[in-house]
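K.L.:
Protein chains in written order, with our numbering: chain D, 19 to 245; chain P, 4 to 290.
It should be emphasised that the hints constitute simulated quantities derived from the structure, not laboratory data. Nothing here was measured: the structure is a model prediction, and the numbers come from that model. Treat each hint with caution, since some may be false.
[What the hints assert, rightly or not] Derived EDC-like pairs (lysine to aspartate or glutamate); straight-line CA-CA distance at most 16 angstroms:
hint, chain 1, residue 1, chain 2, residue 2
1, P, K42, D, E228
2, P, K134, P, D187
3, P, K14, P, E34
4, P, K191, P, E139
5, P, K42, D, E229
6, P, K14, P, D145
Here are the chains, one letter per residue:
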Amino acid sequence: MSAEHGWGSRMGRASVAVVDFGMGNLFSVMNVCQRAGLSAAIVSTPRELAAADAVILPGVGGFPEAMRVLQENGLVAALQETVAQGKILVGICLGHQLLFDESDEVHPTKGLGLIPGRVVRLPQDPQKNTKIPHIGWKQIVPRRAASWEGTLLENVAAGQHMYYVHSYYARPESDTDVIATSTYDGTTFCAAARHGNVHGFQFHPERSGEEGIALYLNLRHAVERMR
Amino acid sequence: MTRIIPRLDIKGPNLVKGIHLEGLRVLGRPEDFARHYYKEGADELLYMDVVASLYGRNSLLDMVERTSREIFIPLCVGGGLRSLDDIRAVLRAGADKVALNTAVIRRPAFIREAAATFGSSTVVVSIEAMKGTSGEYQCFTDNGREPTGRDALLWAKEVAELGAGELLVTSIDKEGTGQGFDVDLLRKISSAVSIPVVACGGAGRPQHILDAIRRGGADAACMASLVHYDAIQRGICAERNTEGNVDYLTGGARFTLVEAASIPDIKRDLAEAGVDVRRTRMGIQNG
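Next comes chain D alone, as it looks inside the complex (with noise of 0.2 angstroms):
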């Protein structure tokens, strides 16, 4: 899968640039995508990333190292660029994570700042030994009044579960910006967020079996309405 400028258009499918900045599950993103009907290239550089229809960020790991990696590689400013565009960005786990303004995870850093808000750790009630990080599958619930209409959860079922791995979370400045939530040992935190364009996922639905492969499947519908 070549990432030359203008490859999306060529190939003439939805195409997706999955960026690379050393920390994340890139193989499960890219086996959903291509499952999903999406055409995927993973990408490192602003050139690559510019040619996509939508972008996915990933990760796994840290905050901070994330936050540099991306710095170092002009990819800050490339994705804040993405959006800008009005192309779509998909944040996952840390992904999702690094949208915000800022996170508190090993020390106050900054984000991309694409979605407001804070990133904060998951509380741990020493008297209930709450084990962090919080591994497992937990239900996604629409926030209030909100349909999942319109938004990449849409027609997945409110309930399902999702798969999460994370000792943080992200807690948006604007309810309106909370699409789902999910609830651990008494914390009910953000699960799906949405700002415009720009979409972040806490937990992975690339290892969320077929209702996350449903997430992946909207994203190619959005990316295709899109074009």
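Given chain D's structure and the hints, the job is docking chain P onto it.
P.N.:
Below, chain P alone, put in the same frame as chain D:
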């Protein structure tokens, strides 16, 4: 939420199971079992390479690659991973996390290095423990063959400090017996660390899993024979020309050590006991 994780012991192209006094019995092709478990609602899969030699590694990587192309749940891979390069190869093949034992007992700092390079949540430390005469537990490596002199509880605490994301705790005494997990061992470790603990070794019926969770404080459970023999009875090992005693495997002979159960069976029993489990539509239909 409690995770149910089938464990597949892999030797070359085969799914195997260690049988007391018999060695390794070939059960069939891992891919067939993995696909079946995915459909039945397994929450994760664990592949343990029991040969763990350089020769066997490519075969394992191929299998990981094939699995991750069609099975979209987390996959943990362990067995003979010694270096950052070994870990990287397995992750590139599609695994989500790695289980480390020997390499980190020999050099605990490797946990920090692996966690720093790949993320804490990618690093699972596998503790194989055997109960000693005075009730303490000793760590072993090499599938329970090599004693290390390390106390399992102290080691578990150290491992958590060094940045491991999860602990996989196997009782060597219980493994393969179908008599249940070592709930005592699990309880001691799970109450001493604040990272998730996965129980491994000994499940003979669904009740054992409930015990591991309720009395042992485990966050997840692995099982091998319990589900493999159920899968075999349902015709999962389709090929007639695999190594091993196929007639024995499929001939309806009772496997006296385990009361074979499917993943939907296990989850139904857990749900009835009030345990939070994920039940898929397919799983409920088949259960």
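K.L.:
Look at each hint and say if it fits the structure.
P.N.:
Tested hints:
no., hint, result
1, P/K42 to D/E228, "10 angstroms, holds"
2, P/K134 to P/D187, "10 angstroms, holds"
3, P/K14 to P/E34, "13 angstroms, holds"
4, P/K191 to P/E139, "10 angstroms, holds"
5, P/K42 to D/E229, "13 angstroms, holds"
6, P/K14 to P/D145, "14 angstroms, holds"
Hint compliance for this structure: every hint is met.
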